[in-house]
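Student: Please model the complete structure; the sequences and the hints are all you need to start from.
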Amino acid sequence: MKRIFFYALLLALVVIGSAPYVGAEDAPDFKAMLKTVDGLVSFMDTDFSAEYAIVLDKPGESRSVTDAVMFRRDKDEKYLILILEPTSDKGKGYLKIGQSLWLYDPLSRRFTFTSSKERFQNSNARNSDFTRSNFAGDYDIVSGHREALGRFNCWVIDLKANNDGVSFPKTKIWVSDDNLVRKTEDYSLSGQLMRTTAIPTYQKVGNRFLPVTMLIVDNLRGKTINGKLENERTQITITKPSLSTLPDSIFTQAYLEKVSK
Amino acid sequence: MANEILFAFRNLTRQRRRYLLLGGGIGFGFLIITMVTGLLGGMISNLQQKAIIYYGGDFTVIGSEKTGKNTMIRLPEIGAAVEKAFPGGRATASLRTVNRSSGNVLFFGGDSVRQRQLTGVDWAVEEPIFRKLNYVEGGAEGLAGTNGVLISEPIAKMLGARVGDDLMILADTINGQKNTTTVVVKGIFRDSSLFGYYTTYIDRKVLNAFIGYGPDEGTEAGIYFGETRPTERERSALYSSLKDSLPFFPMVKTIKEMRDVQDSGQWDGIKYVFLPLDAHLSQINQMVEAISALSFVLVFILLAILVLGIGNTFQVLVYERSREIGTMRALGMQRISVSRLFLSEAGGLAIAGSLVGLLVGMMLLWAFSKVNFSWIPGFDVFLRKGRLSWRLDSLEVVGELVLMIVASLFAAWSPAKRAAAIEPAQTLRTE
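Chains as they are written, first to last, in this note's numbering: chain A, -1 to 259; chain B, 34 to 464.
Hints listed in this document are in silico derivations from the structure and should not be mistaken for laboratory results.
Take these hints with a grain of salt, some might be off.
[What the hints assert, rightly or not] Derived DSS-like pairs (lysine-lysine); straight-line CA-CA distance at most 25 Å:
no.	chain 1	residue 1	chain 2	residue 2
1	B	99	B	289
2	B	190	A	221
3	A	238	A	76
4	A	73	A	33
5	A	226	B	99
6	A	202	A	33
[Unchecked claim] Derived contacts from chain A toward chain B, CB cut-off under 10 Å, selection only:
no.	residue
7	110
8	116
9	138
10	142
11	146
12	159
13	164
14	185
15	189
16	219
17	221
18	223
19	224
20	228
21	229
[What the hints assert, rightly or not] If you want the ones that stay clear, here's a sample from chain A, every Cβ over 10 Å from chain B, calculated:
no.	residue
22	75
23	83
24	132
25	135
26	149
27	167
28	170
29	192
Nothing here was measured: the structure is a model prediction, and the numbers come from that model.
All C-beta atoms in this analysis are idealised placements derived from N, C-alpha and C, irrespective of residue type, glycine included.
Tutor: Here it is in structure tokens:
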């Protein structure tokens, strides 16, 4: 019940606050803004690790919780995610090196290629959601305008992908005045809203920022209950962030095989 | 010989009580043979018809570039070559776009289901072929140029969708971008087999626009021969005509052979593969061959039982009729004639029994074809519009009839020889 209240409050903040913000301001250099946005949430000069709790709520079904530990080295485009819970998936891992992403299954002891665009553990998050932010590099700016989002005054920037490697060809981001992304809407090529993400709070790690909680609402998947569509949603909570240097051996297939035993 | 046949006929009618049981056994045996071969023939035919719809024709033409990837093709030259080989319209060519991807997803009311294959069809050409499917709701009429789709019954159930509902399709474009489009369910077909379950049929041009192909492009051209499957001669004529118009690889019989030819040699531009339907059905054909072998064993067992039954009955008959045989022999009947008499009785019995078995078998097959079997999970692939159909090859029936007569003659051979060896004086002396 508490969680439902939390989601309702979170969405209310996002939705009610989406009314057009009155107050004209000169449009800033959006490209420079995107670079700042990317810079604030990327860890290019340090390694990064944290624990992720991914809670998937499918209407009409029981909640599923995935606990994982993340190791990231943004400057080399590497990450390793090791699944800790549920027990049935324990030992599974994702290893990204450059553009290659492998999924390791400890039962078959096999690595299979997967895509950044695929859903992470069947949740509403994509594998690409765990890489560093690269709005400035992956997207071209279509337009931007000012809008209030709850207590945040934001620039809303419409973006269109300039390459085929990103998960969504069109996206819209709400950037608050502190240059942090507070909300995103992801669209298909034809303009269908596919996913909405809210990031109400960030935690400071060194001189960078990291979401405390992300709420992802799948705008396509859900269940019609009493004539009303209730969407699938995934809440990601990030705890125990660390910027300690990680050994190179972590970002290898051998490491994943070893820790999965 | 005519006399022996006449006597044999008289004996068969006079001793009809005794022969009724034996004839009944032969008839039952032939009935089983008729039903097994008839149903198997119908099931194989239905399976092939389903496969023709799924794979897009009796033959498929696929374009291939040396880069190793199949490439988009256009229809005009292929269509002209087909027309040249079969000017009377015996064969028709149709362009398809087949999008096989794990990223194909259908959405309805929040529910989603993956589709293994989105198949873009030229409805103007293929509508008559799609009418053969068994529809739970709606049909294939009037789909040309619309965003109407055909989906399978299990998929419709999973989504809770009905005819007239709007679905959303999510698929990757040729560049790998996520795209969505809204389609309308126009037909729900009954097919839970590997051919239909995870396939959505949509207008080719609509699919092309959705995933980024040009309107006149397709991934393959299907060549249809209608109800009668093409003969070897027609296949060769078609291949020759195609080869005269476009660069083709040598004829292949399996998917492996196709991959081998695509991997070998050097060429510029597009080179084409001519793929027969059976290439896709190698595993299913193995299953069919196994069923055929099983039915052959069944027929063999039946024949063995009949041979034993006929043999034993005729042994008894010879013993019981030894005085009659002795009298006929005393009146001047030759040994060979006695032998012929018994063999004629056995042959006549086999013909009569088999014909009755054939007739009853055909009646039962007809009755079977009126029963809806679509409730059996996974059985749709063998059905036509939810029903079993049957197919008897006349040559095969004649062959089985000959086999039954030969088996009966073989069974009666030894008793007939014994009858011929009877001495008239000796039998007339004994009471």
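Student: For each hint, tell me whether it holds in the structure or not.
Tutor: Hints versus structure:
1. Note on residue 99 of chain B and residue 289 of chain B: the hinted pairing holds, with a Cα-Cα distance of about 17 Å set against a maximum of 25 Å.
2. Taking the CA atoms of residue 190 of chain B and residue 221 of chain A, the gap is near 14 Å; set against the 25 Å cutoff, the hint holds.
3. With a C-alpha separation of about 20 Å, the suggested pair residue 238 of chain A and residue 76 of chain A falls inside the 25 Å cut-off, and the hint holds.
4. A distance of roughly 15 Å separates the Cα atoms of residue 73 of chain A and residue 33 of chain A; the hinted pair therefore holds under the 25 Å criterion.
5. For the suggested pair residue 226 of chain A and residue 99 of chain B, the alpha carbons sit about 52 Å apart, so the restraint of at most 25 Å is broken.
6. Distance hint between residue 202 of chain A and residue 33 of chain A is fulfilled; the C-alpha atoms sit about 18 Å from each other, no more than 25 Å.
7. The interface hint given for residue 110 of chain A is broken, as the beta carbon of that residue sits about 12 Å from the closest beta carbon of chain B, more than 10 Å.
8. A cut of 10 Å between beta carbons decides the hint on residue 116 of chain A: the least distance to chain B is about 9 Å, and the hint holds.
9. At its closest, the beta carbon of residue 138 of chain A sits 14 Å from a beta carbon of chain B; the interface hint therefore is violated under the 10 Å criterion.
10. The restraint placing residue 142 of chain A at the interface with chain B is violated, with a minimum CB-CB distance near 22 Å, outside the 10 Å limit.
11. At a threshold of 10 Å, the smallest CB-CB gap from residue 146 of chain A to chain B is about 29 Å, leaving the interface hint violated.
12. A hinted interface residue such as residue 159 of chain A counts as satisfied when its beta carbon comes closer than 10 Å to some beta carbon of chain B; here the least separation is about 7 Å, so the hint holds.
13. For residue 164 of chain A, the suggested interface contact is upheld, since its CB lies about 8 Å from the closest CB of chain B, less than 10 Å.
14. For residue 185 of chain A, the shortest C-beta to C-beta distance to chain B is roughly 9 Å, which falls under 10 Å, so the interface hint holds.
15. Hint status for residue 189 of chain A: holds, given a least beta-carbon distance of 8 Å to chain B, under 10 Å.
16. For residue 219 of chain A, the suggested interface contact is upheld, since its CB lies about 5 Å from the closest CB of chain B, less than 10 Å.
17. Satisfaction of the interface hint for residue 221 of chain A is found here, the shortest Cβ-Cβ separation to chain B being roughly 5 Å, below the 10 Å cut-off.
18. Interface hint status for residue 223 of chain A: upheld, as the beta-carbon distance to the closest one in chain B is roughly 9 Å, under 10 Å.
19. Because the closest C-beta pair between residue 224 of chain A and chain B is about 12 Å apart, greater than 10 Å, the hint is violated.
20. With its C-beta approaching chain B no nearer than about 7 Å, residue 228 of chain A sits inside the 10 Å limit, and its interface hint holds.
21. The beta carbon of residue 229 of chain A comes within 7 Å of a beta carbon in chain B, closer than 10 Å, and the hint placing it at the interface holds.
22. With a closest Cβ-Cβ approach of about 19 Å to chain B, residue 75 of chain A is found to remain outside the 10 Å limit, as its non-interface label requires.
23. Remark: the non-interface label on residue 83 of chain A is consistent with the geometry, its nearest Cβ contact in chain B lying 25 Å away (cut-off 10 Å).
24. Annotated as non-interface, residue 132 of chain A keeps its C-beta farther than 10 Å from every C-beta of chain B; the closest such distance is 17 Å.
25. With 10 Å as the threshold on Cβ separation, the claim that residue 135 of chain A sits away from chain B holds: the shortest Cβ distance comes to roughly 17 Å.
26. The Cβ of residue 149 of chain A lies farther than 10 Å from every Cβ of chain B, with a closest approach of about 31 Å, so its non-interface assignment holds.
27. For residue 167 of chain A, the non-interface assignment is contradicted: its Cβ lies about 4 Å from the closest Cβ of chain B, within the 10 Å cut-off.
28. Under the 10 Å C-beta cut-off, the non-interface status given to residue 170 of chain A relative to chain B holds; the minimum distance is some 15 Å.
29. Consistency note on residue 192 of chain A: stated as away from chain B, yet its beta-carbon is not over 10 Å from all of that chain's, at 7 Å minimum.
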